[in-house]
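Please put together the full structure from these sequences, using the hints given.
Number of protein chains: 2
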Amino acid sequence: MSIQTAIKTLIETFEEKVTTNKALLEQHGRNEAYFPVTPPDAVVFPESTADVAAIVKICAEHNCPVIAYGTGTSLEGHQLAIKGGISLDMSKMNKVLAVHDEDMDAVVQPGVTREQLNEDLRATGLFFPVDPGANASLGGMAATRASGTTAVRYGTMRENVMALEVVLADGRIIRTGSRARKSAAGYDLTKLFVGSEGTLGIITELTLRLQGQPEAISAATCAFPDIESAVNTVIATIQMGIPMARIEFVDEMMVRGFNLYQGSQMPEVPHLFVEFHGSPDGVKEQAESFGEIVADMGGTDFKWSEKPEDRNALWKMRHNAYYAHKALQPEKPALSTDICVPISRLAEAVKFARLEGERLNLMVSILGHVGDGNFHCAVSFDPDNAVEHAAVKEFLHNLNQQALELDGTVTGEHGVGVGKMKYMQGEHGEALQVMRDIKKTLDPQNILNPGKILPEE
Amino acid sequence: MSIQTAIKTLIETFEEKVTTNKALLEQHGRNEAYFPVTPPDAVVFPESTADVAAIVKICAEHNCPVIAYGTGTSLEGHQLAIKGGISLDMSKMNKVLAVHDEDMDAVVQPGVTREQLNEDLRATGLFFPVDPGANASLGGMAATRASGTTAVRYGTMRENVMALEVVLADGRIIRTGSRARKSAAGYDLTKLFVGSEGTLGIITELTLRLQGQPEAISAATCAFPDIESAVNTVIATIQMGIPMARIEFVDEMMVRGFNLYQGSQMPEVPHLFVEFHGSPDGVKEQAESFGEIVADMGGTDFKWSEKPEDRNALWKMRHNAYYAHKALQPEKPALSTDICVPISRLAEAVKFARLEGERLNLMVSILGHVGDGNFHCAVSFDPDNAVEHAAVKEFLHNLNQQALELDGTVTGEHGVGVGKMKYMQGEHGEALQVMRDIKKTLDPQNILNPGKILPEE
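The listed protein sequences correspond, in order, to chains H and F.
Take the first sequence: its letter number 118 is residue 119 in our numbering, and every next letter is one higher.
Take the second sequence: its letter number 262 is residue 263 in our numbering, and every next letter is one higher.
To be clear, the hints were calculated from the coordinates, so they are not data collected in a lab.
Possibly wrong hints are sitting among the right ones.
Since copy identity is lost for identical chains, a pair holds within one copy or between any two.
What the hints assert, rightly or not - Subject to a maximum C-alpha distance of 27 angstroms in a straight line, what follows is the list of computed DSS-like cross-link-like pairs (lysine-lysine):
1. K441 <-> K58
2. K23 <-> K423
3. K285 <-> K308
4. K333 <-> K18
5. K441 <-> K308
6. K394 <-> K333
7. K333 <-> K9
Given below as structure tokens:
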């Protein structure tokens with residue numbers, strides 16, 4: 002078999018950097034979604050760009066699939082070896098290569114995690130803002146175009162990756178972009194590789210845009226009688242130009258989960274959690290202006306604080322949303338949806354999700370990065386219960402279809418992987434063919450993460 | 002000839018939408034740079050996406066080049082018909098198709114100009130921020146990845162185009178992106194077409210991100226003893242997180258030009274022109290914080306104002322920079338350079354330009370979007386004077402080489418066109434081959450704006 006020949010050559014060439022240890026194969030075939038474990042035939046741990054290029058060349062010679070692997074925290078099965086081949090574990094390429102204070106950028110290897118980078122940056126007064134929750138690798142975050150709670154202010158990986166080094170499917174090494182803040186010099190290859198989920202090339206180095214740590218931060222929470230008034234508050238706040246760093250919606254069921262999980266006694270109605278970054282006077286003014294909008298929209302329980310302990314408690318709670326949801330039905334695993342719609346359609350989309358959950362008798366809680374129109378439903382289900390399994394599938398399908406009808410997308414930030422492939426035709430129409438053509442041009446043998454993003458024709 | 006057959010068929014099909022009037026051909030072959038007039042063989046005025054698709058199909062059948070034409074304000078000869086063919090003048094596709102207030106986006110045809118869009122938006126409290134100076138068409142701005150004075154706050158066309166409708170080289174129509182603020186659903190085709198200068202497809206519709214008109218605006222000017230102190234002021238202001246909407250550098254020679262052109266008496270030393278957008282208290286605080294940094298860095302003559310008339314006078318002056326430069330040597334035409342470097346290298350790059358100008362005995366004035374590290378040199382020269390022509394060529398070449406050495410780009414916002422093609426190999430290295438492969442995939446006959454961006458192999 003050609004995969005086995007490739008692995009034999011890899012072992013001869015890279016010796017202890019290659020493993021076929023069963024436990025490690027298993028670990029690299031696991032996922033945080035509902036897909037069966039799908040291990041690779043070998044795991045290879047490159048230590049340099051030259052290693053990656055040599056590995057990919059060997060795999061190309063033998064038609065062996067290559068799946069880049071970061072921290073395995075993907076939610077759509079990106080790392081599954083559905084066609085076999087090797088998992089290219091980037092965890093040993095984990096150096097911060099340069100931090101340019103004055104330019105507010107950093108050059109990192111793909112295995113550096115976002116928390117590791119921010120730890121390294123602590124003394125500089127700078128930070129990297131993209132925060133998907135998990136302590137994911139920056140290479141993986143770029144590959145899936147990740148974002149999270151701060152995208153409303155600082156953008157997603159799309160806006161924060163300035164330049165890349167990439168190993169192509171034939172082992173050639175290219176550099177895209179530069180450290181210049183903008184450029185009009187030809188096709189934007191950086192943005193083409195960001196979000197390509199390892200299907201067009203292997204990211205071996207990233208230049209990332211950094212931000213100054215804000216002088217002051219304030220956080221606020223408030224309660225609403227219904228989803229419309231919460232969403233209208235967000236719309237008015239954005240239109241007023243109040244620069245929120247975070248604005249998160251949680252529905253009544255998620256609040257119940259928080260209360261159960263951490264013993265709090267928040268009123269079980271929709272809430273917004275907000276954070277402002279700026280000067281001390283600036284964040285005070287922003288919180289006050291926001292409070293006025295909340296009151297105008299019928300919101301209550303407006304509380305704001307500049308104390309780090311209050312703020313940390315708030316975001317710790319938010320980041321524990323998965324466990325809070327689990328507290329609602331502890332015996333069942335849960336998965337997450339990820340649609341994103343124009344904000345004017347957000348209340349409609351959230352209500353649809355709530356009603357569909359009720360209709361299908363599923364435990365659903367909702368939270369969202371509402372400044373972007375992106376929200377997640379956590380859905381509990383017993384995978385061994387056929388009725389519930391079918392209900393969840395119907396729920397996911399109807400939500401994704403609804404997103405497309407509302408001029409949105411089936412994935413705001415989790416990516417396509419294998420989970421969202423079947424919606425790509427509906428979302429992109431004829432443009433899907435252009436994506437396929439680009440894939441064939443850059444990876445004619447289809448060895449780079451095959452079976453992801455693009456459904457088979 | 003196949004081009005002539007294409008035009009014959011176009012005239013039969015589209016009748017009065019096609020012209021071969023000599024004056025119109027000339028007009029479409031002119032440019033604002035130093036290139037000879039290079040007219041197309043016909044000009045076609047499509048009125049719909051269906052028209053564009055049908056025109057491109059006819060041209061594809063007959064191997065006839067198609068050059069999309071906006072307002073002709075490109076500075077690098079993008080619109081020149083260097084291989085003949087038709088100019089596709091988008092000026093009749095000039096409708097604002099939708100404005101979504103709550104979502105803060107607008108859907109427009111490519112012939113809409115930025116001033117026309119902002120006029121349309123006036124009553125909504127929203128505006129489109131990208132401002133390249135010229136009243137360019139939005140299709141042309143997207144195609145060249147334009148930006149301008151406000152990019153430091155609001156980004157370039159890269160950040161402000163959310164979705165596109167594009168006619169491909171074979172006449173197929175695709176849609177890229179959606180009205181959702183973010184998406185992780187596959188390859189970012191929107192960003193691939195933005196900046197592709199009409200070489201990968203014809204943009205027939207754009208969805209653009211809008212901004213809320215700021216409640217208050219303040220503007221400030223200040224003088225510096227040298228370029229370093231001005232640049233250090235910019236770096237410190239960005240690191241402090243003070244959100245400038247505009248920050249423009251002008252050197253002593255440009256100030257002399259302003260004084261000559263408009264009879265002002267500014268001290269002939271480097272200046273910064275700054276604008277802040279926000280709440281009334283916010284812009285006051287920002288201007289004051291900025292003033293403190295200016296003083297720390299040795300700046301003087303700090304003046305700030307919230308009066309619209311002062312602000313308008315300031316930016317009118319800035320936008321008259323071309324004429325101000327001309328006032329320095331009225332008998333000669335002038336052209337503009339466009340490099341962009343990491344901001345830590347900006348003082349070095351500007352000083353290099355100043356010294357090169359002196360060494361080559363050229364009249365050079367400098368102004369720049371310094372928040373992005375992007376600056377332009379206006380250079381006067383007599384095209385009929387061989388010595389001066391050679392000196393200008395050497396000046397341009399040395400500046401562009403210097404940009405690459407400083408980890409920058411040869412074009413921050415003007416694009417490649419024909420003028421910057423010869424630097425693409427140096428800027429992109431092996432990645433240029435990937436651009437060529439993508440071009441061949443999307444336009445195998447090379448009929449879309451041939452001879453631009455990608456130098457011949």
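Quiz item: What hint numbers does the structure not satisfy?
Solution: The structure conflicts with hints 2, 4, 5 and 7, although it agrees with all the remaining ones.
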